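Chemist: Residue numbers for the sequence shown follow UniProt numbering, beginning at 1 and rising by one.
FYI, nobody ran anything at the bench for these hints, they're computed from the structure.
Don't take each hint at face value.
Computed beta-carbon distance windows for the label pairs [as the list claims (entries may be wrong)]:
#1 Ile11 with Thr89: 19 to 29 Å
#2 Ile66 with Pro5: 20 to 30 Å
#3 Leu88 with Met1: 50 to 60 Å
#4 Gly61 with Leu16: 13 to 23 Å
#5 Ile68 with Asn12: 31 to 41 Å
Predicted model, so just to flag it, every value in this text is computed and none were measured.
Just so it is clear, CB atoms sit at the ideal spot from N, CA and C, and this is done for glycine as well.
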Amino acid sequence: MTPEPVLAAAINLALLLLSFALLMTVVRIIRGPTLPDRVLGLDMLVAIAIGFIAVIAIKTGFNLYIDIGIALGLVGFLATVAFARFILTRGLAPEQPAERAAEPKPALKRPEAARRKRRGGR
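Whole structure, please, built from the sequences with the hints as guidance.
Modeler: Right, here's the structure in full:
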């Protein structure tokens with residue numbers, strides 16, 4: 001028994017499972033009720049794309065694909081961190097409802113002396 005048929009079957013199974021995962025992730029991104037759900041879905045798409053790249057690298061024997069997968073992983077990580085910071089600065093963390101985030105925050109009261117100092121000291 002040679003390893004080629006086993007490897008071909010494993011590659012086909014991996015491609016089938018990754019395709020199913022890609023489909024389910026796209027459904028999650030479309031149906032995601034909140035923005036953090038969609039961000040996690042996009043992060044999952046990057047992980048699935050890395051899986052596709054790795055399987056294609058094994059299938060073709062072209063090792064440069066592994067380097068492309070590593071670079072995609074780094075870019076995907078940075079994108080996820082950027083999305084997370086965007087969500088936090090926007091004030092729509094999962095614990096905070098959207099109605100509450102739309103309310104204006106009360107302004108901080110400064111002492112009268114500090115206000116006069118900025119206007120020229122009078």
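Chemist: Does each hint hold? Answer for all of them.
Modeler: Here is how each hint holds up against the structure:
With their beta carbons about 43 Å apart, isoleucine 11 and threonine 89 fall outside the hinted range of 19 to 29 Å. Distance hint for isoleucine 66 and proline 5: a CB-CB separation of about 24 Å, consistent with the stated range 20 to 30 Å. Checking the proposed 50 to 60 Å range against leucine 88 and methionine 1 shows it holds: the Cβ atoms sit about 55 Å from each other. Separation of glycine 61 from leucine 16 is about 21 Å and conforms to the stated range, judged on CB atoms against 13 to 23 Å.
As the Cβ distance of isoleucine 68 to asparagine 12 is approximately 22 Å, the hint placing it in 31 to 41 Å is violated.
Violated hints for the displayed structure, listed by number in ascending order: 1, 5.
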